[in-house]
Amino acid sequence: GAGVSQSPSNKVTEKGKDVELRCDPISGHTALYWYRQRLGQGLEFLIYFQGNSAPDKSGLPSDRFSAERTGESVSTLTIQRTQQEDSAVYLCASSSGTARGTDTQYFGPGTRLTVL
Amino acid sequence: AQSVTQLGSHVSVSEGALVLLRCNYSSSVPPYLFWYVQYPNQGLQLLLKYTSAATLVKGINGFEAEFKKSETSFHLTKPSAHMSDAAEYFCATLNTGGFKTIFGAGTRLFVKA
Numbered sequence: 001g002a003g004v005s006q007s008p009s010n011k012v013t014e015k016g017k018d019v020e021l022r023c024d025p026i027s028g029h030t031a032l033y034w035y036r037q038r039l040g041q042g043l044e045f046l047i048y049f050q051g052n053s054a055p056d057k058s059g060l061p062s063d064r065f066s067a068e069r070t071g072e073s074v075s076t077l078t079i080q081r082t083q084q085e086d087s088a089v090y091l092c093a094s095s096s097g098t099a100r101g102t103d104t105q106y107f108g109p110g111t112r113l114t115v116l
Numbered sequence: 001a002q003s004v005t006q007l008g009s010h011v012s013v014s015e016g017a018l019v020l021l022r023c024n025y026s027s028s029v030p031p032y033l034f035w036y037v038q039y040p041n042q043g044l045q046l047l048l049k050y051t052s053a054a055t056l057v058k059g060i061n062g063f064e065a066e067f068k069k070s071e072t073s074f075h076l077t078k079p080s081a082h083m084s085d086a087a088e089y090f091c092a093t094l095n096t097g098g099f100k101t102i103f104g105a106g107t108r109l110f111v112k113a
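Protein chains in written order, with my numbering: chain A, 1 to 116; chain B, 1 to 113.
What the hints contain is simulated information worked out from the structure, not anything from laboratory work.
Fair warning: there could be bad hints in the mix.
[Claimed, not checked] Below, a sample of chain B positions facing chain A; criterion: calculated Cβ distance under 8 Å:
| no. | residue |
| --- | --- |
| 1 | Y32 |
| 2 | Q45 |
| 3 | T51 |
| 4 | F110 |
For every residue, glycine included, the Cβ atom is placed at its ideal position computed from N, Cα and C.
Chain A extracted, bound-state conformation (with noise of 0.2 Å):
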């Protein structure tokens, strides 16, 4: 695969449903990083996977919000009783993880959630 890849592309939900975003870095990169683009706001940042090493949490909002990441390869966001403020734009994005965070992160293209 060429890049970052994300799905769905949209998706939309009632709010106190549960929604899982699934995120396909590319092949041999590391690191993994999710965001979060509210409408009009910069990104934001939520958690933060390297190698096998334990994951930085520490963006994540609420303990409604968790990720999983297999190795390196795929990594899900999961939503839990979703809420009308987790409406946004998530961001997911891969980096070759070789000089931690200046090497340069690659995004995909983003999955728009919108609860209702």
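For this one, chain A is given, so just place chain B on it according to the hints.
For chain B alone, kept in the frame of chain A given last:
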């Protein structure tokens, strides 16, 4: 804690005019700084980054940025705007730990014919 502030949520320039997008950083240590661009209906991509080497950093599409420690600034410039430069631009930095990217609120650039 590291942070960046982008001055101006919207900037409008005429085609062929100078583009200047402002970013100021707050950091207690030498920062790493980035500019990203988000074209309409496309993902973010890196324009350029400063990692404490040369203070004038050249990026893609004719953009460049200059790190000025005395002004705590990292403004993005392009000598001559093109219609295709219309996009949202984000300044960013790294947190102290070195892997959490902190983004500014963004500046939307409009280019008038």
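Looking back at the numbered hints, which does the structure fail to meet, lowest number first? Checked against the structure, the only hint that fails is number 4, while the rest are satisfied.
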